[in-house]
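Peer 1: I would like the entire structure built from these sequences, with the hints used as guidance.
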Amino acid sequence: MAGFFKKLLTKFSRGTRIDWDELEADLVTADIGIRRAMNIVDQLRESRGLDAENLVESTREVIRQAFPATPPSLPAPPEGYPLVILVVGVNGTGKTTSAAKLGHLLQKQGGKVLLAAADTFRAAAVEQLQSWAEKLSLPLYKGAPGQDPASVCYEAHAQAIREGCQYLICDTAGRLHTRHNLMEELSKIRRTLAKQDASAPHYTMLVVDATTGANALAQAREFHKATPLDAVIITKMDGSGKGGVAVAIMDEMQISPAFLGTGEQADDFETFNRDRYVDSLL
Amino acid sequence: MFSLLADKLDNTFRRLRGLGKISEKNIADAMRDIRLALLEADVEFGVARDFIARVKERAMGQEVLKSIKPGEQIVKIFRDEIASLLGGDAVGLDLTDPARIMVVGLNGAGKTTTSAKLALRLKNEGRRPLLVACDLVRPAAVDQLATLAEQIQVPVYKPAPGSRDVVAVAREALEWAKTQNGTVMIFDTAGRQEVDEALIDELRHLHSFLSPRETLLVVDAATGQQAVGVAQTFDRAVNVTGIVLTKLDGDARGGAALSMRSVTGKPIKFSGEGEKLDQFGPFVPGRMADRILGMGDIVGLVEHA
Ligand SMILES: Nc1nc2c(ncn2[C@@H]2O[C@H](COP(=O)(O)OP(=O)(O)OP(=O)(O)O)[C@@H](O)[C@H]2O)c(=O)[nH]1
Ligand SMILES: Nc1nc2c(ncn2[C@@H]2O[C@H](COP(=O)(O)OP(=O)(O)OP(=O)(O)O)[C@@H](O)[C@H]2O)c(=O)[nH]1
Ligand SMILES: [Mg+2]
Ligand SMILES: [Mg+2]
Chain C
1 MAGFFKKLLT KFSRGTRIDW DELEADLVTA DIGIRRAMNI VDQLRESRGL DAENLVESTR
61 EVIRQAFPAT PPSLPAPPEG YPLVILVVGV NGTGKTTSAA KLGHLLQKQG GKVLLAAADT
121 FRAAAVEQLQ SWAEKLSLPL YKGAPGQDPA SVCYEAHAQA IREGCQYLIC DTAGRLHTRH
181 NLMEELSKIR RTLAKQDASA PHYTMLVVDA TTGANALAQA REFHKATPLD AVIITKMDGS
241 GKGGVAVAIM DEMQISPAFL GTGEQADDFE TFNRDRYVDS LL
Chain S
1001 MFSLLADKLD NTFRRLRGLG KISEKNIADA MRDIRLALLE ADVEFGVARD FIARVKERAM
1061 GQEVLKSIKP GEQIVKIFRD EIASLLGGDA VGLDLTDPAR IMVVGLNGAG KTTTSAKLAL
1121 RLKNEGRRPL LVACDLVRPA AVDQLATLAE QIQVPVYKPA PGSRDVVAVA REALEWAKTQ
1181 NGTVMIFDTA GRQEVDEALI DELRHLHSFL SPRETLLVVD AATGQQAVGV AQTFDRAVNV
1241 TGIVLTKLDG DARGGAALSM RSVTGKPIKF SGEGEKLDQF GPFVPGRMAD RILGMGDIVG
1301 LVEHA
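Quick note, the sequences are listed as chains C and S, same order. Quick note, the first sequence lines up with residues 1 to 282 if you use the working numbering. Quick note, the second sequence lines up with residues 1001 to 1305 if you use the working numbering.
Errors might be hidden in some of the hints.
To be verified - For lysine-lysine, the following DSSO-like pairs were computed, each having C-alpha atoms within a straight-line distance of at most 27 Å:
id, chain 1, residue 1, chain 2, residue 2
1, S, 1076, S, 1056
2, C, 225, S, 1276
3, S, 1276, S, 1158
4, S, 1076, S, 1123
5, C, 188, S, 1276
6, S, 1123, S, 1021
7, S, 1158, C, 135
8, S, 1066, C, 142
9, S, 1069, S, 1025
10, C, 142, S, 1158
11, S, 1066, S, 1056
12, C, 188, C, 135
It is worth saying that the hints were derived from the structure and are not from the lab.
Peer 2: Printed below as a string of structure tokens:
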């Protein structure tokens, strides 16, 4: 541990002075974005009493303050209806895996969960969620291949209401935020879910891959337009990606991560903790 | 944000081009804008730094100072450097017998889709591809490849449910292939994070067993600063012969491509431009260079100047 701090110390110091370029490099390398990195450096440069020794902690403090002290949490299910959670994002980020992990978490906490396999487009997407559901003993509503995803969500919602479920988690197909018709499909899913409970869907989460660069912000912006986001899930935090994109999304849109994916197993799923997250950034 | 930046760069270049004499300050200003553009396009920090240093050195040199239109010269230097980083024309595949292609990469990058796309392309070229499902980890990964294989009418080897040893699966697949009359085999592998040593080791074993002609690293075009490290780690483990850049149908600027290419020297051989299996083709470096800086117009301007 001592060696680690020494390394950080020498890293950001040039003689007795602070090496600001090195700090900027580290922030950019964490995918925080060059503009935000420059802005953090400028802000720190103006503060007094900074030296190479307390620089790291001060930098972390600046970033930490951008995040809420407690992460966003799922609201309680409305009276007599399931809490409907929509999981969205671009291709391959980890939506299906995260939907299964979240279902598992809620079930462990005593919740009655139904999963909806609303990705009827990608090859074997339904089988993928089904395989998770079997492994984790989670009930699943399956769409037929090619069935309209909005109708899958509607049927699943009906079943969840009928069976008195507390949570309905809808896994949706991956789609690039630049595809207008596919984004429109998400709006349709929302409208369809609102038919049986006007307040549904209650919680929409964008799944973002931690290795994503600047594009994550564009993803968040466009998804937010099509289906207002309540929180993000940053996946693959077990890799080398630091997930600095969460800082950019938080700064611009005030949407915080709620969960982090930390592996391919069902339990590799953590509630977002800003201190731990920020400490791992640099 | 992106278009703002492109506008800014556009202005930078216009200003430079208009100048009859160039001061150090003109150059410094231009370099600052370009650096910003590169970093916002996800070009790796060190790659961007070296790039700027190189362009700056050339910009201060004789070829510019002596020219009649120094600004134009700088824009040209800049373009040349980007193009040379991305490499020349797309490089083809080595398909000499026994033609085996191993497809590797991070989780969710697009390996399975790419395996099927490649099979379709080879089939359309008159070859007889065979697909092999070597992802024993992801739920329904075998089903996914099998479904795609059926769509394009390509034979697929499906390991027995519960198989755990990829090398054993590959060995069975080679046996199976003897009955299939194929000419090229494509092995789809499980996604993994490059920092997971156990999983990288598994890949290494599979690679040394297969000795594939081609090992293609599949990378999402939206990848950020880690792209270089990812490419280096996979390359060290399984000797990557080419990169496939996926999801180029989105609006990611794709600076990762430039970074990986320049640090590892591995050619980007193909790009994926959609979820459909025919949305795939040889990588076009020139188009990518423009895209990274959102500057198709500027390049056009200079070309016609
Ligand atoms: N290492 C790691 N892998 C993950 C994590 N979350 C998901 N994955 C993997 O990422 C890959 C893609 O995950 P999926 O859940 O299929 O992603 P998706 O967003 O549903 O993909 P599409 O539906 O095709 O858009 C799979 O290999 C998962 O096992 C994580 O937190 N860590
Ligand atoms: N828009 C778009 N989507 C793509 C492209 N290539 C792959 N995809 C999608 O990206 C997602 C992940 O693709 P896969 O082929 O399953 O990725 P993978 O690398 O095999 O994933 P794992 O095996 O889980 O690591 C799927 O939704 C694909 O349809 C592309 O070029 N464009
Ligand atoms: Mg999915
Ligand atoms: Mg796959």
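Peer 1: Check whether the Cα positions of residue 188 of chain C and residue 1276 of chain S lie no farther apart than 27 Å.
Peer 2: holds, 23 Å
Peer 1: Need the status of pair residue 1158 of chain S, residue 135 of chain C: alpha-carbon distance at most 27 Å?
Peer 2: Holds: residue 1158 of chain S and residue 135 of chain C sit about 21 Å apart, inside 27 Å.
Peer 1: Between residue 1066 of chain S and residue 1056 of chain S, is the straight-line Cα distance small enough, at 27 Å or below?
Peer 2: holds, 16 Å
Peer 1: Would you check the hint for residue 1066 of chain S and residue 142 of chain C, treating anything up to 27 Å between C-alpha atoms as holding?
Peer 2: Violated: residue 1066 of chain S and residue 142 of chain C sit about 71 Å apart, past 27 Å.
Peer 1: Under the criterion that the straight-line Cα-Cα distance not exceed 27 Å, is the pair residue 188 of chain C, residue 135 of chain C satisfied?
Peer 2: Answer violated: residue 188 of chain C to residue 135 of chain C is near 31 Å, above 27 Å.
Peer 1: Could you grab the alpha-carbon distance between residue 1069 of chain S and residue 1025 of chain S and see if it respects the 27 Å cut-off?
Peer 2: With a Cα-Cα distance of about 17 Å, the restraint between residue 1069 of chain S and residue 1025 of chain S holds, given a limit of 27 Å.
Peer 1: Between residue 225 of chain C and residue 1276 of chain S, is the straight-line Cα distance small enough, at 27 Å or below?
Peer 2: Answer holds: residue 225 of chain C to residue 1276 of chain S is near 26 Å, not above 27 Å.
Peer 1: Given the hint that residue 142 of chain C pairs with residue 1158 of chain S, does the C-alpha gap stay at or below 27 Å?
Peer 2: Roughly 24 Å between the alpha carbons, so the hint for residue 142 of chain C and residue 1158 of chain S holds.
Peer 1: For residue 1076 of chain S and residue 1056 of chain S, compute the direct alpha-carbon distance and say whether it is at most 27 Å.
Peer 2: holds, 12 Å
Peer 1: Just to be careful, I want the Cα atoms of residue 1276 of chain S and residue 1158 of chain S compared with a cutoff of 27 Å; is the pair within it?
Peer 2: holds, 22 Å
Peer 1: Hey, residue 1076 of chain S versus residue 1123 of chain S, does the alpha-carbon distance stay inside 27 Å?
Peer 2: With a Cα-Cα distance of about 41 Å, the restraint between residue 1076 of chain S and residue 1123 of chain S is violated, given a limit of 27 Å.
Peer 1: Within 27 Å, alpha carbon to alpha carbon, are residue 1123 of chain S and residue 1021 of chain S?
Peer 2: Outside the cut-off at roughly 57 Å; violated.
The earlier numbered hints that this structure contradicts are 4, 6, 8, 12.
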